[in-house]
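Chains as they are written, first to last, in the numbering used here: chain A, 1 to 442; chain B, 1 to 317.
Note that these hints are calculated values from the structure, not bench results. Hints may be right or wrong, so weigh each one.
To be verified - Using 35 Å as the maximum straight-line C-alpha spacing, the simulated DSBU-like pairs for lysine-lysine come out as follows:
#1 A:K73 <-> B:K271
#2 A:K255 <-> B:K45
#3 B:K87 <-> B:K301
#4 B:K23 <-> B:K301
#5 B:K301 <-> A:K107
#6 A:K73 <-> A:K394
#7 B:K7 <-> B:K23
#8 A:K353 <-> B:K167
#9 B:K7 <-> B:K145
#10 B:K167 <-> A:K422
#11 A:K70 <-> B:K271
#12 B:K7 <-> A:K222
#13 A:K114 <-> A:K85
#14 A:K254 <-> B:K145
#15 A:K221 <-> B:K45
#16 B:K45 <-> B:K13
#17 B:K167 <-> A:K355
#18 B:K170 <-> B:K45
#19 A:K35 <-> A:K221
#20 A:K438 <-> A:K319
#21 B:K167 <-> A:K378
#22 B:K301 <-> A:K353
#23 A:K319 <-> A:K394
#24 A:K378 <-> B:K87
#25 B:K88 <-> A:K85
#26 B:K13 <-> B:K271
#27 A:K438 <-> A:K394
#28 A:K73 <-> A:K107
#29 A:K255 <-> B:K88
#30 A:K254 <-> A:K14
#31 A:K147 <-> B:K145
#32 B:K207 <-> B:K53
#33 A:K355 <-> B:K88
#34 B:K53 <-> A:K269
#35 A:K422 <-> A:K396
#36 B:K301 <-> A:K269
#37 A:K435 <-> A:K355
Claimed, not checked - So the derived label-pair ranges between C-beta atoms look like this:
#38 B:V304 <-> A:K331: 30 to 36 Å
#39 A:K255 <-> B:P11: 43 to 49 Å
#40 A:Q79 <-> B:Q123: 46 to 52 Å
Ideal Cβ placement from N, Cα and C applies to all residues, glycine included.
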Amino acid sequence: MPTAMEIYKLLPRKNCGECKFPTCLAFAMQLANQKVALEACPYVSPEAKAALEESGAPPIRLVTIGAGDKIAKMGDETQLFRHDKTFYHPTILGLIVDDSQGLPAMKSQIEEAKSMAYERVGQIIRVDSVAVRHSSGSAQDFLEGVKAAASSGLPIVLMTEDVKLMGEALSLCTPGKPLLYRATPQNLDGMLEVAKACGFPLVIGGTSNLDELSQVSEKAKKAGVSDIVLEHAGSSAGTMLETLTMIRRAAVKKKFRPLGFPTVTVLSKSPRDAMRGALGVMKYSSMVLMDEMPREFVYPLMALRQNIFTDPQVPIQVKAGLYTVGEPTSKSPLLFTTNFSLTYFTVRADIEKSKMPVWLLVVDTDGQSVMTSFAAGKLTPESVAKALETEKVKEKCSRNELVIPGQVSRMSGKLNELTGLKVVVGPRESSGLPKMLKSIGG
Amino acid sequence: MGFEVPKERFPGKIREVAIGATKEEGGTRRARLIVGGSNGLPFHKFESDSPHKPLIAMDVLDTMRVIPEQVVHSMGQVVRDPVEWAKKCENEWGADILLLRLLSANPEEENKSVEECESLVRQVLKSCSLPMIVYGCGSEEKDAKLMEAVSNAARGERLFLGQAEEKVYKSVTAAAMANGHGVVAFSNLDINLAKQMNILLLDFGMKPESIIMDPLMAALGMGLEYSYSVIERLRQGALLGDPVLQMPIICDCSCAWTVPDAMEENPAKGKTELRGINWEAITAYAALVAGADIVVMRHPKSVVSLRDCIDDLSRGA
């Protein structure tokens, strides 16, 4: 963002007050803090407007493809490291289907990609996109593949360097924007024309030289194509890490506009390439397209993506409530813990090790762990008692006994007073639960 | 405006630490391995030098108690015999380092005697020539005696003993110092605590080049992001010049074999055995990219996969 002084210089400086601020400088300060929109000034010149929009634009442009609830967003990142703030848009994972395989095979792969959607810690994770690649030599094969991909509802990527074929495929992609892959220094002019006419985002690539890539990107912009995705090239994970780091740094730290765009990594079919997909998730690929997506690899890859793109400022929470582990009866033990997901999953895993059915009450602590929420006054005898009541726990479990985390043994007295339950102090670490549960018995 | 490569230089560097001693240095290990030494972010070759590749330690447990069935099934019966297991790590599975966990000493479990454990350490030292790290069972009292015995049994071998923790570090550190071994300093996902551990050990008289940090690696899907960020911050703190953070980092990624998601039978998530292997490999890959100097792993196939990743990351254009 430009500073208030930089903005002030571009304003009319007539202090008319029509923007509801007494002076242009006051208005500029509000603009710099993003508290008001430039439109509030009726006298700003078109040149100033363009200049301000340019300098106020995010360091990496947001590019979207697809439509509806499956829309895929890429870019608009502001950090090199997640701990400095957060990463915003999880790497888009897409499956490449090749038109040389014939339509039935393509269709079944698209179905396969679509079926890879899972619920994990309360979020839906899925394969987000299908890319159709032309290699068969027959335009018909490609167009049929595109039709099949478009009907999947997933955002699609059109992979052909043939300008004419690209143009023909466009009309099959409604609704929703496809991503056009790709313009290279060889087909640049033609591809730019196609992209400009349809307004869909365009991948530029085909070079391992970032200087050349920047020049192509500037050329694209001059030609009126502003939604760009950058493809990096290179023959090793080392080069990939370095190139993507340079692009991210140039965009974020140097505000180097020609590289201020999302990035795409295209991988072929090998275990080594699959692991490069994991690298892309960690280090700056906005989109990873894979030639093959074995479930036993994609699932952990999606878990990695979920981890890396977790906002460090907001802990992942599970829903508060009464959970069951196994099939507990009214005689089974009752435990409680907090709704910080890591705490919940650790406790749950340790209970499962005991192989005993258990009632587990998850108390809402705004996603804080046991010790943190206890110290912050969010995990109190009162909040536990309230949760017991809201969840009508006594109707389901008549054991009249509550196991509490060892770390909060201090609340036993008060909790007993409030609930009438016998309070049993559990282990300080949940790893002690299997032993403890065995000792108190089911 | 042309493109300029945005390079960053740092004033600090990771300390070089040696593990294992060969015949020349008074031990019987096949190599003296050096970790650390980098003056930049991991694998950022365009702006820094990393003289030593990250190393892979494979772990050997002296009890079946905590090894999940799936791992036994996949790795074979060799995991029932720590001596044979260690040999395989060296001869077939390509480990750089062996990490031996003496869990059966735990007084609340098998409660094996210090003598029994010491004898196992001697056998492993005799039949496997990898540089070694040895961890106790986690019981403070027992480990004090156990680590002293291990230290004496491996005099001259330049082992790393562990783990030194905030409240329990004196006995293991004293045991290491007595015979020129190093220690692994454990901290629980907290950059300040990691620093505090190093200060405690240095104040106790440990040499900085005999300390490796374990900031706790949480497995993929189990809070990996916390570890990832703690490791990145530790590495950056070290590079910015904090001498108390410049110890190399070890990440125990075998924790992947405790994750239910990794091991449950669920065809929608692919073949279970392979998923577990990928789970461990991706956990270790994240550790490497964040800044680990040593990763601890269990499954030979995840090791193969990660070894390839290290080569792939170390290669230029």
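Each hint, compared with the structure:
no.	hint	verdict
1	A:K73 <-> B:K271	holds (31 Å)
2	A:K255 <-> B:K45	holds (23 Å)
3	B:K87 <-> B:K301	holds (16 Å)
4	B:K23 <-> B:K301	holds (31 Å)
5	B:K301 <-> A:K107	holds (33 Å)
6	A:K73 <-> A:K394	violated (46 Å)
7	B:K7 <-> B:K23	violated (42 Å)
8	A:K353 <-> B:K167	holds (28 Å)
9	B:K7 <-> B:K145	violated (50 Å)
10	B:K167 <-> A:K422	holds (33 Å)
11	A:K70 <-> B:K271	holds (27 Å)
12	B:K7 <-> A:K222	holds (28 Å)
13	A:K114 <-> A:K85	holds (32 Å)
14	A:K254 <-> B:K145	violated (57 Å)
15	A:K221 <-> B:K45	holds (32 Å)
16	B:K45 <-> B:K13	holds (14 Å)
17	B:K167 <-> A:K355	holds (32 Å)
18	B:K170 <-> B:K45	violated (39 Å)
19	A:K35 <-> A:K221	holds (29 Å)
20	A:K438 <-> A:K319	holds (28 Å)
21	B:K167 <-> A:K378	holds (28 Å)
22	B:K301 <-> A:K353	holds (26 Å)
23	A:K319 <-> A:K394	holds (20 Å)
24	A:K378 <-> B:K87	violated (52 Å)
25	B:K88 <-> A:K85	violated (44 Å)
26	B:K13 <-> B:K271	violated (42 Å)
27	A:K438 <-> A:K394	holds (22 Å)
28	A:K73 <-> A:K107	holds (25 Å)
29	A:K255 <-> B:K88	violated (52 Å)
30	A:K254 <-> A:K14	holds (33 Å)
31	A:K147 <-> B:K145	violated (71 Å)
32	B:K207 <-> B:K53	holds (23 Å)
33	A:K355 <-> B:K88	holds (33 Å)
34	B:K53 <-> A:K269	holds (26 Å)
35	A:K422 <-> A:K396	holds (16 Å)
36	B:K301 <-> A:K269	holds (18 Å)
37	A:K435 <-> A:K355	holds (11 Å)
38	B:V304 <-> A:K331: 30 to 36 Å	violated (49 Å)
39	A:K255 <-> B:P11: 43 to 49 Å	violated (25 Å)
40	A:Q79 <-> B:Q123: 46 to 52 Å	holds (51 Å)
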